[in-house]
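Asks: Please model the complete structure; the sequences and the hints are all you need to start from.
Chains as they are written, first to last, in UniProt numbering: chain A, 1 to 386; chain B, 1 to 386; chain C, 1 to 386; chain D, 1 to 386.
Don't take each hint at face value.
Same chains, same label: a pair holds when it works inside one copy or across any pair of copies.
Calculated pairs, EDC-like style, for lysine to aspartate or glutamate (alpha carbon to alpha carbon, straight line, at most 16 Å) [said to hold, decoys possible]:
id, residue 1, residue 2
1, 84, 242
2, 137, 13
3, 59, 122
4, 16, 90
5, 203, 181
6, 101, 181
7, 386, 180
8, 386, 242
9, 203, 180
Honestly, the hints are just simulated from the structure, not real lab data. The structure displayed is predicted, hence computed values, not measured ones.
Number of protein chains: 4
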Amino acid sequence: MILTQTLLDFFKESRKHTENISAPLEIEDYVVQPMADVSPPKWHLGHTTWFFEEFILKKHKRDYQVFDVDFSFVFNSYYESVGKRVVRSDRGNLSRPSVQKVYEYRNYVTMAIQNLFESTVDHELESLLEIGIHHEKQHQELLLTDIKYILGNNPLLPKYANTYKEHPNESTSCEWIEIEEGIYDIGHNSESFCYDNELGQHKVYLHAYQISSTLVTNGEYLEFINTGGYRHFGYWHADGWEWVNTNQIIAPQYWHLIDGSWQYYTLKGLRHIEPNAPVTHLSYYEAFAFAQWKGMRLPTEFEWEAAQEHFSWGQRWEWTESAYLPYPNYTKAAGALGEYNGKFMVNQKVLRGGSIATPNKHTRPTYRNFFPPSVRWQYTGLRLVK
Amino acid sequence: MILTQTLLDFFKESRKHTENISAPLEIEDYVVQPMADVSPPKWHLGHTTWFFEEFILKKHKRDYQVFDVDFSFVFNSYYESVGKRVVRSDRGNLSRPSVQKVYEYRNYVTMAIQNLFESTVDHELESLLEIGIHHEKQHQELLLTDIKYILGNNPLLPKYANTYKEHPNESTSCEWIEIEEGIYDIGHNSESFCYDNELGQHKVYLHAYQISSTLVTNGEYLEFINTGGYRHFGYWHADGWEWVNTNQIIAPQYWHLIDGSWQYYTLKGLRHIEPNAPVTHLSYYEAFAFAQWKGMRLPTEFEWEAAQEHFSWGQRWEWTESAYLPYPNYTKAAGALGEYNGKFMVNQKVLRGGSIATPNKHTRPTYRNFFPPSVRWQYTGLRLVK
Amino acid sequence: MILTQTLLDFFKESRKHTENISAPLEIEDYVVQPMADVSPPKWHLGHTTWFFEEFILKKHKRDYQVFDVDFSFVFNSYYESVGKRVVRSDRGNLSRPSVQKVYEYRNYVTMAIQNLFESTVDHELESLLEIGIHHEKQHQELLLTDIKYILGNNPLLPKYANTYKEHPNESTSCEWIEIEEGIYDIGHNSESFCYDNELGQHKVYLHAYQISSTLVTNGEYLEFINTGGYRHFGYWHADGWEWVNTNQIIAPQYWHLIDGSWQYYTLKGLRHIEPNAPVTHLSYYEAFAFAQWKGMRLPTEFEWEAAQEHFSWGQRWEWTESAYLPYPNYTKAAGALGEYNGKFMVNQKVLRGGSIATPNKHTRPTYRNFFPPSVRWQYTGLRLVK
Amino acid sequence: MILTQTLLDFFKESRKHTENISAPLEIEDYVVQPMADVSPPKWHLGHTTWFFEEFILKKHKRDYQVFDVDFSFVFNSYYESVGKRVVRSDRGNLSRPSVQKVYEYRNYVTMAIQNLFESTVDHELESLLEIGIHHEKQHQELLLTDIKYILGNNPLLPKYANTYKEHPNESTSCEWIEIEEGIYDIGHNSESFCYDNELGQHKVYLHAYQISSTLVTNGEYLEFINTGGYRHFGYWHADGWEWVNTNQIIAPQYWHLIDGSWQYYTLKGLRHIEPNAPVTHLSYYEAFAFAQWKGMRLPTEFEWEAAQEHFSWGQRWEWTESAYLPYPNYTKAAGALGEYNGKFMVNQKVLRGGSIATPNKHTRPTYRNFFPPSVRWQYTGLRLVK
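Replies: Here it is in structure tokens:
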């Protein structure tokens with residue numbers, strides 16, 4: 001547990017960071033929702049604020065006046081325990097509350113939290129605050145990837161910022177790291193923060209495998225495209241093949257074939273494909289098909305965790321072969337926070353690592369990210385195992 | 001044909017009026033599209049501008065520089081002849097161009113039109129300009145009803161303006177006007193402006209009928225609701241009954257049952273139902289069912305037109321029993337403007353009259369409005385015939 | 001009104017005719033429903049029987065024992081007044097009652113009706129019986145067109161019969177019949193049987209027009225196809241153009257492009273297109289687009305009725321430009337039979353004439369057939385007006 | 001490998017068994033497909049036959065004459081390598097080939113296989129034959145559960161047979177079997193037949209757990225229903241909760257609340273719920289929610305396999321917590337048979353054990369059955385772990 005003063009600094013820094021991410025936006029960019037998975041930026045700003053109000057201020061601050069009684073309806077995401085809420089796909093239909101009103105809400109709640117924590121020392125509250133901060137950090141990544149989707153799907157392809165770098169320049173050579181057969185400890189085990197889905201450290205038996213030190217690159221992926229990877233069903237799951245055909249997928253998200261050569265939309269605008277950069281914005285279906293084409297496979301999340309100290313990671317969320325399931329002895333938290341993770345443990349795949357959009361201090365070797373297999377607006381990528 | 005100077009004044013007044021309607025909006029309100037039928041206000045602002053650019057400036061102004069080459073893709077509505085365009089239901093997914101940019105576009109085109117017409121006298125151009133002005137007026141009504149939908153479907157139910165009056169106070173007593181059997185002239189017949197679908201004045205034989213001097217009121221409609229009108233299939237078309245059940249319709253659009261009493265959303269905010277005001281925001285299905293329940297029927301558009309000089313109209317668009325079909329000798333205009341009316345002449349019902357949202361000079365006794373039978377976000381109402 | 005003995009003969013003949021149409025089927029052909037509009041043949045056999053049981057025997061035959069209490073649920077088509085029923089699109093999911101059981105049901109009810117009418121003389125009953133016979137005749141045409149759909153959409157393209165002739169050989173030359181401007185009487189006016197939607201003879205004013213003495217032929221339609229009729233939006237309604245593109249329509253129903261030449265499925269199996277035969281299995285959208293391409297138009301149902309004595313008709317149902325609407329003074333019958341016609345008077349187009357599938361005595365100059373504009377599994381065709 | 005003579009007997013017995021299952025059907029029952037997951041019985045009869053023709057006779061029998069060239073299109077299930085095929089959901093739209101023709105096809109192919117194997121000894125062919133027999137056995141279970149669905153969803157609720165027993169009478173008392181922490185061998189390891197997905201025996205580390213010796217019963221499940229299990233979101237996955245609400249699920253498949261008491265449809269017809277019988281026709285979502293309500297969980301497939309020798313199994317397929325994923329070193333078979341299992345390894349859950357519908361010799365401790373989590377027309381059930 002972080003001491004209160006440090007925690008408050010961490011809180012303030014995190015609140016500020018959300019606003020920094022939003023700073024380059026026009027007001028109009030805060031409002032739209034071009035697909036159901038994406039939320040309007042102002043919704044993220046409001047929802048991360050509502051979380052502190054709902055779970056801390058309303059219950060633990062004496063005489064707290066709710067900023068606006070209707071906001072719980074507007075900014076609840078999926079907490080059935082808390083009451084009714086706007087249907088997810090309707091978030092982009094709400095022009096009000098205005099962006100300015102949402103910023104006022106943020107300030108109001110930020111100040112109220114600061115007041116509360118400057119006058120109270122309480123371990124339970126600190127623990128809730130810590131969850132709230134991590135919750136907001138999780139939304140910071142979604143906020144950025146949602147912004148990319150909002151701008152990158154606009155026919156005008158506007159830039160987010162001139163300087164945003166989606167990957168480093170260095171290219172390192174690929175090596176195969178050998179991991180021995182044996183029993184490995186998996187899961188979180190220290191005093192530091194983690195989500196409930198990482199808890200219950202336990203043993204997993206792994207058979208010997210080799211894992212690549214580097215992520216698959218655009219150059220390698222282009223070869224898959226050029227040799228007909230999207231047209232040969234043999235590389236695909238049945239569901240993946242249907243997904244490819246229904247959606248007429250021929251390349252990763254944000255790739256455009258312009259005058260015969262591939263470009264992609266980045267937060268700096270349209271750019272030529274960089275062959276040495278790690279490929280990104282793939283669905284699990286595509287990651288799997290690429291591995292099949294290579295005659296290799298994706299790692300399980302356990303293989304990834306057991307090997308992760310031998311390679312660098314954090315540029316792309318790495319699809320694993322593992323389904324998102326509870327660890328042995330997993331227990332849901334009580335109350336509304338128990339809805340944070342457990343109820344999603346079906347029909348999703350685990351991603352490990354982190355990405356250039358992941359905020360500082362918001363990933364770790366045991367972190368379990370998860371998405372349905374067709375999703376690709378996150379900075380996803382893959383690493384091979386043989 | 002209006003003389004050029006008058007026409008230019010008409011143009012300027014009309015351009016200004018669109019902006020006046022939009023003035024009370026927050027920037028966020030310009031962006032959203034809560035259902036496919038509704039367009040974001042900034043789209044209306046851009047589209048009515050694009051119409052002048054596409055059909056007049058690009059073709060008739062020497063050395064005209066298009067404001068932005070991508071705007072044709074963004075602001076074309078349905079003109080197949082003109083090229084590709086944003087899918088209608090995606091209009092609300094576009095945060096850019098920004099509202100400010102759209103206003104710049106408006107000013108740019110408004111000035112260019114003024115320049116052109118100050119230096120040219122050309123009957124063809126004047127005719128195009130006149131169509132463009134009427135086109136913009138048509139969008140002014142949509143703009144206002146779309147704004148009502150955007151605000152009225154927001155759970156916060158924000159007001160548009162404190163002073164907007166959706167109906168006059170006076171209640172007049174209902175009288176039955178008798179119209180004799182005989183041959184009547186239907187359709188537009190003067191030199192003044194009209195759309196192509198009103199042309200081809202022709203004779204229609206009408207049998208004797210009686211038509212009400214007043215519109216059906218909220219009070220009368222409440223009685224229909226209270227006696228189970230929405231629960232008895234016998235009053236409904238088969239398609240209407242399915243529409244009621246699929247959408248769980250129990251009252252006109254914008255009506256809310258709050259603590260046992262009916263209120264409705266108006267542009268001034270939530271209000272108690274006024275029993276003497278004409279009922280509005282009904283689908284054709286509901287108008288038909290109400291008439292069945294009364295043991296009466298809706299007028300045909302011909303009956304309406306033959307009788308209209310005997311009553312006052314213009315508060316509500318009045319559903320008629322007539323399907324939207326071409327008049328004898330109807331001819332589509334050549335080129336893209338031929339897509340204005342003719343291609344919609346199937347699966348729609350005719351509405352006659354006008355509404356409190358209809359801009360000045362934008363309706364007349366021969367005007368044929370049309371919508372699919374399930375639509376109700378316009379200021380629709382009904383008048384009975386027996 | 002037909003005298004009872006003749007009526008009973010008419011009844012027996014009609015019951016027999018339904019079974020004759022079904023005679024060439026395999027048991028399996030009685031069961032399937034390859035699209036929602038089509039009903040399984042055994043459903044037609046049962047439903048036409050249920051109609052007599054429900055509206056005559058149950059109410060008017062003393063001590064009548066219902067054949068099977070569950071059959072009302074299975075064989076009711078759309079009579080809300082009569083109670084719950086199998087959802088239309090689920091009819092093809094029911095393997096039971098078996099075909100044999102349905103024939104037993106038919107015999108049981110046929111005998112009961114004969115018993116009843118041999119011992120009773122009652123004008124109301126006779127009138128109900130007459131409606132029941134005409135109802136069955138209406139289903140005979142659907143039965144045959146549904147059989148064509150069931151067999152014609154099977155990849156094995158099985159024949160119905162070796163001898164069935166879908167059109168006569170004679171080709172007659174096209175002439176343009178001139179009809180003068182004036183007032184015409186429209187609607188049914190004799191003592192003989194008609195449906196309620198034909199009643200209320202009334203006057204209609206028609207402007208002068210010329211109507212073709214012949215139906216449009218396959219040869220003419222092929223020219224429309226070959227000159228790109230399905231690829232040029234200008235000929236189509238907006239809804240029609242969307243229908244063409246969504247369903248990738250390139251020719252009338254049952255046409256197959258085999259090795260570069262067009263063939264079509266007939267009840268005798270696959271055949272080369274006969275250029276002089278009247279084109280058939282068109283939607284209204286296609287009929288309209290063809291007429292646009294020709295620079296002509298479809299007749300209204302009034303124009304058709306006023307001119308029909310001057311040409312021969314009955315090979316194809318002829319799409320008209322008219323929407324299906326009530327005649328002046330139309331009154332729905334009381335009770336369940338009131339659901340027969342009135343509730344469908346929206347979103348449908350009128351077809352006039354008859355087709356080679358129409359049973360004997362089941363059409364007349366005032367008969368108003370109706371279908372939604374996208375439907376084409378009936379023997380539809382068109383006649384031009386200019 | 002089974003010696004040829006025994007294998008041929010096994011083949012003949014298996015072919016006969018499919019026909020025995022179908023014997024009580026009416027011809028009509030062979031044809032329908034009341035939901036996409038279900039196939040018409042005649043399709044199963046044809047498809048299992050086509051499998052032998054396609055993979056053995058066409059390739060390995062000299063001068064083999066295909067029974068009907070169109071049958072490959074009609075009876076291919078999902079083998080992309082083999083060519084085009086009828087869309088799965090259209091199988092129930094095909095009245096032809098007739099049931100009699102399908103039986104002729106079966107006899108033709110059965111004889112051809114017997115001829116081939118009486119005159120040849122070839123290990124590769126024997127191996128293909130063995131796969132074909134197991135493939136048919138797999139379809140025998142689907143055939144029976146599809147028949148149950150076809151009859152059980154018919155409003156007439158016809159019986160399949162008077163004598164079919166869906167569960168034994170004996171009730172055994174529940175005991176908790178303790179399994180120790182440690183390394184366990186998982187997967188198939190003998191010479192006997194198994195599918196490719198069971199191969200690659202490997203080690204799995206299991207933590208200590210207790211597993212019930214008995215399946216959950218109807219009585220226990222009724223308590224879950226009666227205490228509001230279907231109305232409290234806290235027991236459900238987010239996807240499960242949406243499934244419950246969208247489909248308005250309130251009990252297992254085939255349960256009917258009649259006059260306040262629960263009955264269920266069995267192959268012998270409607271029966272009162274037997275409290276001691278193992279509950280069946282649950283989705284994974286329901287099995288999971290029940291376990292949550294009990295404060296317990298489902299076993300993983302590894303826990304099940306490690307413990308299975310300590311309890312009896314085979315009445316119900318048991319949902320496990322495991323997602324269907326490849327074992328380490330899993331390799332797809334080459335060619336079309338490689339499509340048998342591997343391409344389904346996403347979005348599915350593993351079921352272990354077997355059911356009263358599983359044919360003789362067609363399950364084993366390592367057998368991995370799999371279905372999507374919402375499926376419940378199989379004889380599914382559950383066993384708890386704590």
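Asks: Run through the hints listed earlier and report the numbers of any the structure violates, in increasing order.
Replies: Result: hints 4, 6 and 8 break, sorted rising.
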